[in-house]
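Let the sequences and hints guide you as you build the complete structure.
Order-wise, the sequence lines are chains A and B. Residue 146 in our numbering sits at position 146 of the first sequence, with consecutive numbering throughout. Residue 1062 in our numbering sits at position 62 of the second sequence, with consecutive numbering throughout.
If a hint is listed, it holds; no wrong ones were tucked in.
Footprint (simulated), chain B over chain A, 3 or more residues, beta carbon under 8 Å:
no.	segment
1	21-31
2	69-80
3	309-321
4	333-340
Keep in mind the hints are simulated off the structure, nothing from the lab. We treat Cβ as the ideally placed atom computed from N, Cα and C, and that holds for glycine.
There are 2 protein chains.
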Amino acid sequence: MAKKLRPQLSKKDYDARVPVLREQLVQLQVALKNAPFKVLLIVAGLEGTGRGDLINSLASWLDPRGVEAFSYPEATDEERARPFMWRFWRQLPDMGNIGLYAGSWYTETLRAEARSRKALAHLEHELARIRHFERLLVDNDTLVIKIWIHMDKAAHRARIKTLSADPRTAWRVTEEDKRHQRIYDRLDRTSALIRERTNQPGATWHVVEGADERARNLAVAELLLEGFASHRERLATLAKRRRPAQPPAPLRSLRADGRRLLRALPLDHKLSPKTYEAKRDKWLGRLSLAVRAAHAANRSIVFVFEGWDAAGKGGAIRRLTSAIDVRNCRVIPVGKPTDEEKNFHYLWRFWRQIPRDGLVAVFDRSWYGRVLVERLEGFCRPDEWKRAYRELNDFEQELTDHGSIVVKFWMHISREEQLRRFKSREETAYKQHKINDEDWRNRAKWDGYEIAVGDMIALTGTPAAPWHLIPADNKRHARLQILKTACKNIEKALRQKSAKE
Amino acid sequence: MAKKLRPQLSKKDYDARVPVLREQLVQLQVALKNAPFKVLLIVAGLEGTGRGDLINSLASWLDPRGVEAFSYPEATDEERARPFMWRFWRQLPDMGNIGLYAGSWYTETLRAEARSRKALAHLEHELARIRHFERLLVDNDTLVIKIWIHMDKAAHRARIKTLSADPRTAWRVTEEDKRHQRIYDRLDRTSALIRERTNQPGATWHVVEGADERARNLAVAELLLEGFASHRERLATLAKRRRPAQPPAPLRSLRADGRRLLRALPLDHKLSPKTYEAKRDKWLGRLSLAVRAAHAANRSIVFVFEGWDAAGKGGAIRRLTSAIDVRNCRVIPVGKPTDEEKNFHYLWRFWRQIPRDGLVAVFDRSWYGRVLVERLEGFCRPDEWKRAYRELNDFEQELTDHGSIVVKFWMHISREEQLRRFKSREETAYKQHKINDEDWRNRAKWDGYEIAVGDMIALTGTPAAPWHLIPADNKRHARLQILKTACKNIEKALRQKSAKE
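Here's what the structure looks like:
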């Protein structure tokens, strides 16, 4: 491949084309504000290929009020204390904005690869994670444009040399740039692999030649304009084809085995208060030790509580947290999303709440709302809740890969027991705040919920994060079983090596 | 002071009282959810006085779904890279919740004092900052309950000894606990000073004896119940007495000199395109160097752009940011607060956006909305915007104390020039998105705004963060003056030592 290193686009031609592009870009931004969706323009490539220059040129053409630029220097300690993808979730552009990514998940991947030649298996794992993340963005109507700045070895060397020679630019050349030049061949092969593995519908790669800076700038601006236009068309077509969100319709099971499991659950447990108290105290003590051990081992714990209304989530959480130092623990009641949260993918609000290493988060309802209430009430479209099962599994995989311990409970009561509890709540003064019309409305949809819960259990119970079905007609029995299950799962996870090791 | 170290409250009496208190506390939580305001229960005291125990006991009595516990171990790198109070702003309880503070701003203060006997002046400065913060919370209807756990020296020593002797509790004794025992006398004197200086209406100290744990727990629970009851009464009284938010009424100046300054500003500047371009490029180059120097010196820069509608903020920001690496810079357009932001003090949304050391934030409109649009439109009560001047000054003081460089612009145009620009926007296709009915409505309130702007300039121009009035009838002149001013102010700040040193 004989590539010319000299610019092929004259300054004159460039200067003539820029004003036109700028006008088009600003029009794009106005349209985007009214659309609105998000645009992620990801610029990847080896260090020293001028990604920063490119981003700065693009930014100077755009209205800065609709642009956010992201780069990823070394992770901070807060970032290292959470799953890998957390630092990318916490920095996403607002609705109607363009995110310019001078660094990205690809930077991290290449950086790690440059430092130590990784086992291929590990790299593949990371690329799968990136694929999941980008697919999730694309599915959420985000426009993802991926540019790989390519320079052949000689051009890369020449650029570094030119920058180094001029005292005004020498400071921009980093050790990393030079290292990438030294191991150029290996990284170039890895780059090809990365692109191949992360090429998928809606997130394909555009390889742009980086040696001619002016041509590069124009090419990328044009890719942005074209990408925007075709994305709008695609969304318009989709809007016609998509089945809209559908409120109350008879539900059909995706997988019957979950509901069968649920229905087979025995609910007629007996447990005397005295036996309960003795066992409870024993397990509380053991749980307290287990949580402390997890804290010492820098492992975070994520408890998920799902269950029928009045199944006793509040009481169970209260007993559970009594064994945990409140300074290391947060209970997160999950209600309707805020308007800020609505501007992001539905998982964003949960990523925000992911505990740091060593800490405990108790989710009182959770991300499973997507396949329960949102499915039932038609708050999202069928295609959205249907793909959520995979997204939820990927999400929890991120957590457990990082070393978090995920313990999920479904608290199960019978229809009759729920009725008894609702009535008791209505009749007891200090319990009245716990019941409202919505609870009764949800109860009327029991059959539909049962199907949704069954599907959830069948489709999101994974080896790393299985569902624990807790029979809860007997409150004492349920609380005890939750303490036991929590305790045993933490102990088991601590015995196993964390996935990071 | 002969104090008994033995518990004075029998276990039997304690066990009898706890259930009653618990019932009352849960009722308090239900009432709080419906109120709603926030409750901060701050537990301070030397290390090793059992603050954690107390917080855990309280937490076990409360419904964990309405409780958030905060403690402050060593600051993370992200926290150290921002002003001192940032880490406290980022962790505040939600509306209707109780925040239990096992650690707090007092922990930091005592910790620093224990490590190195600080100059009194420095301590006083820190206490003033704490006073400002708590006053701001109280003014915002937050219930602040401050408990200082007191133990005399012998009791403190005995507690550490008891804990150390038992292998089950020995791990809880830290080096810090022991150090506080060693320098008990000095810290006890500092504690008294801290309490004295931070005692103020709505945030007074309750000194609770810590040696008898049971009595301590009950005392604090009762303080919480009493505090809650009297706070509700106070709010009810206030609600009657407060003048409600008042929409459009003729404004009266608080300080006439600000408006005089504004009116005296000459607006008839001339600048040829050619001279402009030459000078612009010179200043852009110099600015670029200054910003890079600030980055290298780990100083953050906060630009504030305020001005009349159509004064040219967008264009000026665009020129300014073209000199800055987009990866180190964020433009933050300030519009209506989100519903999440509305649940906090109005300054919270800006604290969220404070850049890390070395980075640049450009606020396109800002916290000054409080004394401009919110005052004019009656979005807040008169007592609220009146005290905002002080709060805004305190806020910026936090930034500059930390070493941030704050540069504030008021872009000023004449009424006639605004009219010309509005009309031109309406007539030019690609500018139409820049003008709407609200702009015309605001224009009709010019006189009122002029008064509000005048007051703002007179009351919030401080030596560390002065206002720069930019005559902007001539766009070129305005842009150039902004570049110059930005540049000179950054250079000046870099010559001066950062306040931290």
